[in-house]
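Trainee: Turn these sequences into a full structure, and let the hints guide you.
Chains as they are written, first to last, in this note's numbering: chain B, 2 to 199; chain F, 2 to 199.
Bear in mind the hints are in silico, worked out from the structure with no lab data behind them. Some hints here could point you the wrong way.
Remember, identical chains collapse to one label, so a pair may be satisfied in a single copy or spanning two.
The list that follows gives simulated cross-link-like pairs (lysine-lysine, BS3-like), each with its CA atoms no further than 30 Å apart [stated by the list, open to error]:
{"#": "1", "residue 1": "Lys37", "residue 2": "Lys18"}
{"#": "2", "residue 1": "Lys36", "residue 2": "Lys103"}
{"#": "3", "residue 1": "Lys197", "residue 2": "Lys18"}
{"#": "4", "residue 1": "Lys36", "residue 2": "Lys18"}
{"#": "5", "residue 1": "Lys197", "residue 2": "Lys37"}
{"#": "6", "residue 1": "Lys197", "residue 2": "Lys103"}
2 protein chains.
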Amino acid sequence: MADGPEDIEALIELMAKLPGLGPRSARRAVLHLVKKRSLLLLPLSDAMQSVAATARECLNCGNISTSEICDICRSESRATGEICVVEDVADLWAMERSAVFKGRYHVLGGTLSALDAVGPDNLRIPQLLRRVREEGVREVILALNATVDGQTTAHYIADQLGPEIEVTSLAQGVPIGGELDYLDDGTISAAMRARKAF
Amino acid sequence: MADGPEDIEALIELMAKLPGLGPRSARRAVLHLVKKRSLLLLPLSDAMQSVAATARECLNCGNISTSEICDICRSESRATGEICVVEDVADLWAMERSAVFKGRYHVLGGTLSALDAVGPDNLRIPQLLRRVREEGVREVILALNATVDGQTTAHYIADQLGPEIEVTSLAQGVPIGGELDYLDDGTISAAMRARKAF
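Mentor: Shown next, in the form of structure tokens:
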């Protein structure tokens with residue numbers, strides 16, 4: 002016998018497909034939902050319906066939005082001369098939480114990957130090059146993950162942009178609050194190479 | 002600025018209330034859902050609606066069911082003389098997966114807890130005592146968690162059942178595949194006290 006009535010099993014199976022949830026935590030989550038039917042189960046289902054109905058990709062930058070052009074791209078208070086290139090919407094959100102960047106974004110939707118057969122045209126790279134030309138961009142900040150694929154993608158984009166555009170990337174080094182003892186060798190050597198006058 | 006359009010934020014907030022998901026993993030899950038709108042987001046919302054509409058507690062044992070009396074309580078192939086008492090539906094499911102017990106269940110819905118002011122009448126204990134009288138139960142198996150509250154509850158139920166009913170509990174000892182080095186002292190001493198001829 003399986004875990005319970007068919008409806009519940011179907012829900013558990015779907016929940017287990019979410020990143021971060023396995024079969025066991027999906028079961029726990031579903032039991033919790035059944036117990037909190039009016040407080041959580043129904044509101045969650047409604048919220049999903051409304052996101053499914055309204056959420057879409059910004060045509061300009063790839064951010065998640067409820068309109069054709071997202072709030073950040075439409076905002077007049079954001080600098081137009083700088084584009085911060087990120088892999089994913091989650092990275093855009095992380096940048097926004099730090100509230101340090103006041104320009105606009107471009108979400109690639111992944112990284113180049115020979116293994117997964119992801120080429121420039123599978124990402125939003127052509128759109129980035131067009132935006133750089135059309136929006137009079139002076140600086141492109143490559144905020145890609147410090148992985149092999151992330152850095153390959155960064156080099157490719159820098160090549161395509163050519164020497165007229167200033168291309169920068171996030172500094173690498175010891176994270177704030179980081180303890181040397183717990184850092185990997187790569188981070189320590191990157192921080193050492195990029196050391197600054199104290 | 003927050004994480005995105007209001008609908009998305011509302012969904013993230015609700016998802017973060019699920020056990021096992023924090024704000025960060027809720028954000029990841031929601032981004033995944035938005036990307037898989039027709040494959041995951043809409044089916045998940047529908048599955049939640051259908052569970053909300055059909056799932057209910059079995060009036061007899063407290064299991065989750067789509068009818069007034071659950072499949073296990075209605076099944077004629079399950080022994081009627083034995084009731085396995087569990088804290089939660091998740092524990093019932095775990096027992097069913099092991100497929101070792103062929104009797105019926107009784108879900109308490111928690112444990113006695115002085116700190117949280119949970120008394121016998123907040124649990125399904127009166128119903129258990131009535132079932133034991135009415136269903137001609139010979140053996141009550143207490144499959145409660147090996148926590149202080151779980152064991153307090155087990156002792157209370159055993160007291161209430163009185164000496165006419167055989168009351169048993171799950172054996173304690175070294176889990177299958179368990180390595181002594183990684184076990185806590187309590188488990189080792191319980192296994193030592195309950196040692197058997199080899």
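Trainee: Compare the structure with each hint and give your call.
Mentor: Status of each hint after checking the structure:
1. Lys37 x Lys18: both (21 Å within a copy, 11 Å between copies)
2. Lys36 x Lys103: So Lys36 and Lys103 pass the 30 Å test across copies only (26 Å; inside, 44 Å).
3. Lys197 x Lys18: neither (45 Å within a copy, 44 Å between copies)
4. Lys36 x Lys18: both (21 Å within a copy, 13 Å between copies)
5. Lys197 x Lys37: Neither way: Lys197 and Lys37 sit 54 Å apart in one copy and 45 Å across, limit 30 Å.
6. Lys197 x Lys103: within (25 Å within a copy, 71 Å between copies)
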